[in-house]
Amino acid sequence: MNLRYTSTHTQRQRPKSSVSLKALLLIGLLNLTVLCAAAFAQVVGVSSSENSKNSATQWSATGPLARESFYDRVNASMCSQCHGTYGQSAEGSKIPSLAGKSAQELLTKLQRYQAAEPSSSVMARLVRGLDAKQLLTTVEYFSAQPVFLDRTYPKP
Amino acid sequence: MLQYAGAQPLGELLLNGAAQKNLKAAHVVIVGGGYGGATAAKYLRLLSNQQINVTLIEPDLNFVSCPLTNLVITGSKSLSDITLSYKTLQERHGVQLIKDRVISIDPQKRKLITLQKLELSYDYLVVSPGVELMYDQIQGLKNARDQEQVLQAWGSSAESVLLKQQLQSMDDGEIFALTVPELPYRCPPGPYERASLVANYFKKFKPKSKVIILDANQDVTSKGALFKKFWAENYPHHLEYRPEHKVMEVDAASRTLKVEIQDDLKAAVLNVLPPVRAGSIAVQTGLANVNKRWCGVDFLSFESSVAPYIHVLGDSIQAGPYMPKSAHMANAHAKVAAAAIVAKLADFEPNPHPWLTNTCYSFVDPTQAIYIASVHQYDPVERTFKILANAGGVSGAPSEKEGEYALGWAKNIWADCLA
Chain A
1 MNLRYTSTHT
11 QRQRPKSSVS
21 LKALLLIGLL
31 NLTVLCAAAF
41 AQVVGVSSSE
51 NSKNSATQWS
61 ATGPLARESF
71 YDRVNASMCS
81 QCHGTYGQSA
91 EGSKIPSLAG
101 KSAQELLTKL
111 QRYQAAEPSS
121 SVMARLVRGL
131 DAKQLLTTVE
141 YFSAQPVFLD
151 RTYPKP
Chain B
1 MLQYAGAQPL
11 GELLLNGAAQ
21 KNLKAAHVVI
31 VGGGYGGATA
41 AKYLRLLSNQ
51 QINVTLIEPD
61 LNFVSCPLTN
71 LVITGSKSLS
81 DITLSYKTLQ
91 ERHGVQLIKD
101 RVISIDPQKR
111 KLITLQKLEL
121 SYDYLVVSPG
131 VELMYDQIQG
141 LKNARDQEQV
151 LQAWGSSAES
161 VLLKQQLQSM
171 DDGEIFALTV
181 PELPYRCPPG
191 PYERASLVAN
201 YFKKFKPKSK
211 VIILDANQDV
221 TSKGALFKKF
231 WAENYPHHLE
241 YRPEHKVMEV
251 DAASRTLKVE
261 IQDDLKAAVL
271 NVLPPVRAGS
281 IAVQTGLANV
291 NKRWCGVDFL
301 SFESSVAPYI
311 HVLGDSIQAG
321 PYMPKSAHMA
331 NAHAKVAAAA
341 IVAKLADFEP
351 NPHPWLTNTC
361 YSFVDPTQAI
371 YIASVHQYDP
381 VERTFKILAN
391 AGGVSGAPSE
401 KEGEYALGWA
411 KNIWADCLA
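Chains as they are written, first to last, in our numbering: chain A, 1 to 156; chain B, 1 to 419.
Take the hints with a grain of salt, since some may be wrong.
[To be verified] Which residues of chain A face chain B? A few of them, derived with a C-beta cut under 10 Å, are:
| id | residue |
| --- | --- |
| 1 | Glu91 |
| 2 | Gln111 |
| 3 | Ser121 |
[As the list claims (entries may be wrong)] With a straight-line cut-off of 27 Å between C-alpha atoms, the simulated DSS-like cross-links for lysine-lysine are:
| id | chain 1 | residue 1 | chain 2 | residue 2 |
| --- | --- | --- | --- | --- |
| 4 | B | Lys77 | B | Lys401 |
| 5 | B | Lys111 | B | Lys142 |
| 6 | B | Lys344 | B | Lys228 |
| 7 | A | Lys94 | B | Lys292 |
| 8 | A | Lys133 | B | Lys386 |
| 9 | B | Lys411 | A | Lys94 |
| 10 | B | Lys77 | B | Lys208 |
| 11 | B | Lys87 | B | Lys208 |
| 12 | B | Lys228 | B | Lys204 |
| 13 | B | Lys111 | B | Lys77 |
| 14 | A | Lys94 | B | Lys401 |
| 15 | B | Lys292 | B | Lys111 |
| 16 | A | Lys109 | B | Lys401 |
| 17 | B | Lys164 | B | Lys142 |
| 18 | A | Lys109 | A | Lys94 |
| 19 | B | Lys77 | B | Lys87 |
| 20 | A | Lys133 | B | Lys206 |
| 21 | B | Lys142 | B | Lys258 |
| 22 | A | Lys109 | B | Lys411 |
| 23 | B | Lys203 | B | Lys117 |
| 24 | B | Lys142 | B | Lys344 |
| 25 | B | Lys24 | B | Lys77 |
| 26 | A | Lys94 | B | Lys344 |
| 27 | B | Lys229 | B | Lys204 |
By construction, these hints were calculated from the structure, which means they are not laboratory data.
Positions of the beta carbon are idealized from the N, C-alpha and C atoms, including for glycine.
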């Protein structure tokens with residue numbers, strides 16, 4: 001079964017030009033992100049800057065790192081009820097896709113939700129239930145997913 | 001196979017030869033294609049990189065969603081809007097579909113038999129049968145139900161269509177009685193959503209009619225403050241709530257409900273929800289070890305606490321504290337169970353730190369919804385999922401935006417289960 005897709009890098013839809021607030025937040029978050037990325041690299045055994053051609057190779061070992069990564073992916077799939085399998089939201093759904101967005105962009109958004117009034121949205125409620133490591137492994141997982149042209153889960 | 005660059009498919013776990021061989025030789029059978037069973041089928045294939053042989057046995061031709069059913073009964077959605085095909089599981093994911101009903105399971109021999117006398121062996125069995133309605137708990141209900149006089153429409157699409165007809169053929173001024181069983185039951189906010197939408201229908205089309213909720217519980221069991229505020233502001237003449245009203249008997253001939261201690265109620269439409277328990281195949285197989293009603297499981301794998309190699313999902317389980325019997329939860333159970341089966345077959349430990357999410361939307365009118373959400377982290381000491389007090393909660397107020405998210409949630413969870 002071959003799937004129609006384009007790679008993350010060519011198909012990724014970046015948000016429109018960022019506002020200065022975002023730039024400020026990014027600067028503020030830089031230290032935290034670097035720390036988190038280092039923690040993630042230790043857990044999963046890959047650097048967050050590496051693409052998954054490398055990480056797939058690293059997962060080929062049947063060691064504890066590969067298992068931990070398997071667990072993280074299953075845990076990340078707890079977001080898929082709302083955001084779609086692999087973070088690919090269905091056509092016509094108002095809930096945003098996560099697939100292929102940069103890990104930093106996703107992390108920044110989730111941290112904004114954590115800081116928001118809890119009752120403002122489901123996401124603001126749920127995101128409080130994840131610790132820093134869970135947040136990071138989750139955004140890394142969705143960030144590495146491809147974006148499918150027709151916004152639906154891959155067809156055969 | 002999945003071959004894209006830059007992607008991390010769920011099952012990307014390249015294993016040694018023996019583990020690969022185990023996965024490829026394994027046969028996992030799934031009993032029931034609801035939110036739990038369908039998700040288990042798909043995720044067993046995804047998480048094993050399409051190695052495990054998966055068979056799904058489901059008596060219905062199509063998947064019909066329970067969430068959004070109340071919009072169908074009250075006319076703002078059609079049954080086709082909430083009906084999906086199982087074919088994608090076969091065509092995209094290589095799940096073998098069998099349209100049949102499992103009538104007996106032999107946990108020792110790891111075999112099962114279907115209504116059409118098919119015999120199947122399994123290495124692992126996933127039992128996701130939903131709930132069985134306990135008609136015998138309310139006197140006269142079984143008979144009235146068999147004659148289609150008193151409906152439940154709590155998991156049966158055919159009954160949803162019939163209940164819609166009953167609602168539409170009511171005369172203006174007549175009463176619609178909706179009864180709620182004691183917790184735990186399937187979809188805690190569901191009856192209150194139904195009552196809200198029926199009240200909304202009356203307000204528009206039968207202004208002298210009203211819905212009366214007879215609730216066996218002490219108060220509204222989910223999103224109570226939100227529902228009650230909305231009812232008071234929007235349906236003061238079209239909805240009446242009576243807590244601590246436990247229905248004991250149905251008299252179909254006089255269309256009367258007899259209530260413990262309290263006054264009887266006569267109504268044109270009697271929508272009586274009896275108590276529920278684990279689906280009958282689970283009870284019959286001896287899996288319902290908790291009060292003969294619910295199936296105890298190991299929460300790291302959802303394996304039955306009484307029958308090895310059998311995993312139970314969804315509404316049938318004895319849930320941990322504050323784990324509702326919901327579609328979203330059944331889907332979450334299925335992912336944990338599927339991953340644990342893959343791990344066992346590949347000879348490594350199941351995930352020691354799983355977590356679950358839950359989100360339930362309820363419509364208070366055809367466009368506005370409210371939500372309840374929660375996060376459940378596994379506690380290795382108590383060996384159960386614990387709800388996180390600092391996360392989760394309910395909407396601030398009903399809104400059309402949440403209504404749109406509710407429909408978006410449905411599209412995405414349907415795809416997550418089936419597509």
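To see whether the hints hold, each was checked on the structure:
no.: 1; hint: Glu91; result: holds, 8 Å
no.: 2; hint: Gln111; result: violated, 15 Å
no.: 3; hint: Ser121; result: holds, 8 Å
no.: 4; hint: Lys77/B x Lys401/B; result: holds, 18 Å
no.: 5; hint: Lys111/B x Lys142/B; result: violated, 32 Å
no.: 6; hint: Lys344/B x Lys228/B; result: violated, 47 Å
no.: 7; hint: Lys94/A x Lys292/B; result: violated, 42 Å
no.: 8; hint: Lys133/A x Lys386/B; result: holds, 19 Å
no.: 9; hint: Lys411/B x Lys94/A; result: holds, 10 Å
no.: 10; hint: Lys77/B x Lys208/B; result: holds, 24 Å
no.: 11; hint: Lys87/B x Lys208/B; result: violated, 46 Å
no.: 12; hint: Lys228/B x Lys204/B; result: holds, 20 Å
no.: 13; hint: Lys111/B x Lys77/B; result: violated, 41 Å
no.: 14; hint: Lys94/A x Lys401/B; result: holds, 9 Å
no.: 15; hint: Lys292/B x Lys111/B; result: holds, 23 Å
no.: 16; hint: Lys109/A x Lys401/B; result: holds, 19 Å
no.: 17; hint: Lys164/B x Lys142/B; result: holds, 20 Å
no.: 18; hint: Lys109/A x Lys94/A; result: holds, 17 Å
no.: 19; hint: Lys77/B x Lys87/B; result: holds, 23 Å
no.: 20; hint: Lys133/A x Lys206/B; result: violated, 55 Å
no.: 21; hint: Lys142/B x Lys258/B; result: holds, 15 Å
no.: 22; hint: Lys109/A x Lys411/B; result: holds, 23 Å
no.: 23; hint: Lys203/B x Lys117/B; result: violated, 51 Å
no.: 24; hint: Lys142/B x Lys344/B; result: violated, 43 Å
no.: 25; hint: Lys24/B x Lys77/B; result: violated, 43 Å
no.: 26; hint: Lys94/A x Lys344/B; result: violated, 38 Å
no.: 27; hint: Lys229/B x Lys204/B; result: holds, 20 Å
Hint check: violations occur at hints 2, 5, 6, 7, 11, 13, 20, 23, 24, 25, 26; the rest are consistent with the structure.
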